[in-house]
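We have chain A already, so just place chain B on it with the hints.
Protein chains in written order, with my numbering: chain A, 1 to 348; chain B, 349 to 1079.
Just so you know, the hints here were simulated from the structure itself, not pulled from any lab data.
Just to be clear, a hint being listed does not mean it is correct.
Unchecked claim - One-sided and incomplete, this derived list gives chain B residues near chain A with beta-carbon spacing under 8 angstroms:
| no. | residue |
| --- | --- |
| 1 | S408 |
| 2 | V492 |
| 3 | F499 |
| 4 | I507 |
| 5 | H518 |
| 6 | R561 |
| 7 | T885 |
As the list claims (entries may be wrong) - One-sided and incomplete, this derived list gives chain B residues near chain A with beta-carbon spacing under 8 angstroms:
| no. | residue |
| --- | --- |
| 8 | C488 |
| 9 | L514 |
| 10 | Y519 |
| 11 | I529 |
Stated by the list, open to error - Chain A is nowhere near these chain B residues, computed Cβ spacing over 12 angstroms in every case:
| no. | residue |
| --- | --- |
| 12 | A409 |
| 13 | M433 |
| 14 | V434 |
| 15 | A543 |
| 16 | A837 |
| 17 | H841 |
The C-beta atom is built at its ideal place from N, Cα and C for all residues, glycine as well.
The primary structure of each chain is shown beneath.
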Amino acid sequence: MTGCPRLVRGENVIERLAAFGRLIFLALWAGLLFLIATNIQSGWLYVVISFMLILAAVSVAAPKSALRAVSLEAALPDLCERGSPATAVLTIRNNSRFSRHMLRIESLSCPGIRFEPDRVFIVSLPARSSLTVSARFVPESRGRLKMERAAVSCGAPLGIFTARREFPLRAVSLAHPRVDRAEGEALAEYGGRADPRANPARFELRDSYNYRLREYVPGDSLRQIHWKLTARAGEPIVKQNDGAAVEHAGIFIDNDAANYPPGSGERFERLLEQAASLAHHLVFARGAGVSITASAAPGITVDSPDSWERALRWLALIELQSGNYPLQPPGPDADFTFSPLERTEASG
Amino acid sequence: MSAARGVFSALNSPYRRPEEVEHNVPLRAFTWLAVVLSLCVAARDTGLMSPLALGLSAVSAGYVFSHFRRMYSNWWMKIALAAGMVAAGFIYVNQMLFTQRDHIVVLTEMMIFLQALHSFDLPRRKDLIYSLLSAFMLMCVGGVLSRSLDFGIYLAVFILLALAMLAIFHYRETSERALIIGNPRSIAAVVARLAIALAVCFPLFFPLIPRYRTYAFANLPVSGRLREAAQKFSGQLMYPDPPSAAVGIDAGFGPDAQVGSDFSAERYLAGGDAYFGFVPELDLNSRARLSDKLLMRVKSPSAVYHRGLVFDTFKNNLWMISDAEGEQLTRKEASPVFRLDRSGDTEYQSAFIGASLTYHTYYLERDMPNIIYAPYRPDTLYFPVGFIFMDDNLAMRVPAVLLEGTIYTAISTTPSIDPETLRKVAFPPCPDVDEKYCSIGFMTPKMRALALEITAGSTSVLDKVEAIAAYLENNYEYDIDAPPAPPGAHPVHHFLFESKRGYCEHFASAMALLARAAGVPSRLVTGFVPGAYNPLTGYFEVRGTDAHAWVEIYFPIVGWLTFDPTPSGPSGPVFAEEVTPMSFLYDRYFKGIAEGALAGAARLFYSAAIAPAWISAALSALAVALCAGAFFLISARRSRRSGRFPLPPNNRSVASDYLRLLRARPELRNAPRSASATDLSVFIAPDARDSWLELAALYNRAVFSPLPLDDRDAATARSLAATLKARAQRM
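Okay, chain A solo, but in the shape it has when bound (with noise of 0.2 angstroms):
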């Protein structure tokens, strides 16, 4: 059941040839020590080509047959963080009745994984066994992630020819942005922009949240005061969270790709992060519960931190949507929104 291994990589001639180089050598010096001996009739020539005969054929041989009796298994975490580096599982078997030696696990990113590093070297693989290996790897996109294969390769004994097989795998996991505390428990404190310096995370905060007016003093942020409040009073007017506990809270995510300009993919994700990270300060810094909608994809409530999970995957799978998609304004409970559109006057 096990197939041939490849033996070269590369898809055109030059590649392939490539891959022989080390043995096309050998065999150049070889026949060139054989066209030597041939002339002077040197005993010891001979000899000297036996060896190297014997080490070319050594040299195919091994690695081909080291790979025969290898296989390859990969696991991810079921749920990862974007950006955040987590952990991979792969198992390397050994089946055969001789301990194989320098294999190496190369190619392991693939698109939306960013192992770091990109390959892990096995010194000795006992007969007839298992190893573990942990490694690291960054998912660098979204969504679903997959590992569909990677490839064992082997030049044992001495890299003269290199053998190399790839296995099918089929790890999976779901990538889900990334939380930040610190910005969520902002977001929820000060109804503003966390960091300036990212994507405008427009969003609104209800009036009917529960907070106090207070005057202005000084020390307090900009991002505190209450502008509408400060207009009609004539003088700073600050909103003070009181700290009440808030029962429930909606979070608006537009998601329609008609309000994002072309290129702006990152721009969704930064939102997406904000929304995540408020959606959790919200949920476990405050016992809260949490509908999550969207403009164009059915929504989702995590009524305590047990079904946070279902949250991270909703987030996680979320996408921008056009095309005959119906739209669904925030609605009158959406107490934060995220879209990337100019802020809009607050409701209530």
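Below, chain B without anything else, positioned relative to chain A:
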């Protein structure tokens, strides 16, 4: 101060690509050891002791410098090295074109110089590989020049060092920028296994490599010019060890000797282990205990008899050389080549004689008389003297004692003729040949009668000679301690009719004289038998005990052919048979097998041994293909999951459930899949997929995991297999 600082920083500018720098000390250490060994081996046989000492010091210093300065660009050192290499090339060309030094010696010296220079610039891993390649070339030079087995020890050590170096190199190369799992020390096991594989496979590969012979080089091996003797040389024999003066004869046969000195067999008996066959007058009553010392090594494609002196006249109970002085032959001043063509000579010219040119190079390991040993019939001679002497019998002598280390090459025309064709050669030949080869004046009547009696009924030359040889073999005994003939007695008559035992000189003398009495021209030859063949070095090792005497018989139209009547010698005319390692193995191990299946194998091996080189090449390729095929077959069978290895009970149960299900579902077994797909990736109906995946995963654990499964896993597997089977039956 700032200027000094500027110069200092310029000299210590960092290397541009630090990621390429190699820091591994064992890698450098093994490379250094291999280089040092190669320098010693190459210089050993070329006599380059001074360059060796300088080279070793420079290489060692260079490796240390390269290691500690590896992170710097060392641009100033590279400039100096480039200048050094240009100088080395200039010196090399100058020496090759304008000096008489051996080209191999000049080349070796230059390679030592370049290796020393290169050792100062080894920052990267690939630079160490270049160094190892240079060392390998120096080892090849050492192998070319080596004539003894001790080179094998150096080669074995070099191979181990090179394997270690290459294994570490491969390890460093493949583990670069990778997560490393395991202990690098296990690489030693890799090297050990590879060394064992090399040792085991070598006896199979070595004999199978075809031995072609092209001799395409212009210059054949010859040593430096011998210092010729000061006195007038006119073909007399000269010896390196004059007989002892204690015997009482003042004029010995040393370098200052003259022809005609009083010399007797007693001098040899008292003189030690010199062969009495290499004197102007061969006395069959002389005795000597020949030593087993190595006299010379001969590089020859075939086992040939090496002629020394040829005696054509039997007179006063002694064999003599009628043309003791011979004819002087000279060569062109700048070339060591003597053309020995004799115009008008038609020997070996007939179309039915398979005559071929064979090349024989002689490497003298001890001082020898001034006799040029070469197979008959010499055609060209590469010899380091200004002139030589050759007599009527084509035996050659030089005006200098041959010292240890003398090297010369003789190209001879060696015949090959079917004995049945030879049997058709007409008889009688004597009237057409020089009378001295047919002279029977010093034979007793009884000897003449015996000759006629032995050859009665034989109609051809070959029949007569074979009859004489058979008679001698069947009626006389080889005895190295045979007593001499009484004083004044005819030694050959005494051997034939009284003692009936003797050694090679007696047998050869008897055959030569009996052949003459039968009308067949003959002459006595002394020299050396081929010697012991060394399959590793390819040389024949000729020792003192290989000194021998044999007969040359003249065949009309054909020429002189060699016969060896000594009981241990070959029957019939002696032709040069090509010797290869394979034929050597056959003669030693298979020839004696007379019956059974092994005889068939022996015959097959014999056919391969004597076959032309291209058949040997084809056989070697076939053997390699068979070995590779067997290897792949065995490895494929082992990698197949047959479950033949012992499994715990639960594991065995799970494996059998899975395999049984697979057998019942040929569409699963034969499902299309990529070449390297595992069971977990095979296509299966969506509704059964989860069950299948779970069962396949259990199978993998059962068969390949070192841990035994528990009862629950076994029960789960049974349940899954039943479910899948039921689902398949419903479909």
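| said: Beyond 12 angstroms on every Cβ pair: is that true for B/A409 relative to chain A? | reply: Holds: least Cβ distance 29 angstroms, greater than 12 angstroms.
| Closest C-beta approach of B/F499 to chain A relative to 8 angstroms, hint status | holds (6 angstroms)
| field | Hint status (Cβ of B/I507 to nearest Cβ of chain A, threshold 8 angstroms) | value | Nearest chain A Cβ about 6 angstroms off; hint holds.
| query | Per the CB criterion, is B/V492 less than 8 angstroms away from chain A? | reply | It holds, given that the least Cβ distance between B/V492 and chain A is near 5 angstroms, below 8 angstroms.
| field | Per-residue hint verdict: B/Y519, partner chain A, C-beta under 8 angstroms | value | holds (6 angstroms)
| field | Minimum Cβ-Cβ distance from B/M433 to chain A exceeds 12 angstroms | value | holds (22 angstroms)
| message | Tell me if the interface restraint on B/I529 is satisfied: Cβ within less than 8 angstroms of some Cβ in chain A. | response | holds (5 angstroms)
| query | Measuring from the C-beta of B/R561 to each C-beta in chain A, is the shortest one below 8 angstroms? | reply | For B/R561, the interface hint holds, since the closest Cβ of chain A sits about 6 angstroms away, which is under 8 angstroms.
| message | Hint validation: B/T885 versus chain A, beta carbon distance must be below 8 angstroms. Holds or violated? | response | holds (4 angstroms)
| Minimum Cβ separation between B/H841 and chain A greater than 12 angstroms? | holds (46 angstroms)
| Non-interface claim for B/V434, where every Cβ of chain A lies beyond 12 angstroms | holds (25 angstroms)
| Restraint check, 8 angstroms cut-off on beta carbons, for B/C488 near chain A | With a minimum Cβ separation of about 6 angstroms from chain A (threshold 8 angstroms), the hint on B/C488 holds.
Checked against the numbered hints above, the structure violates hints 1 and 15; every other hint is satisfied.
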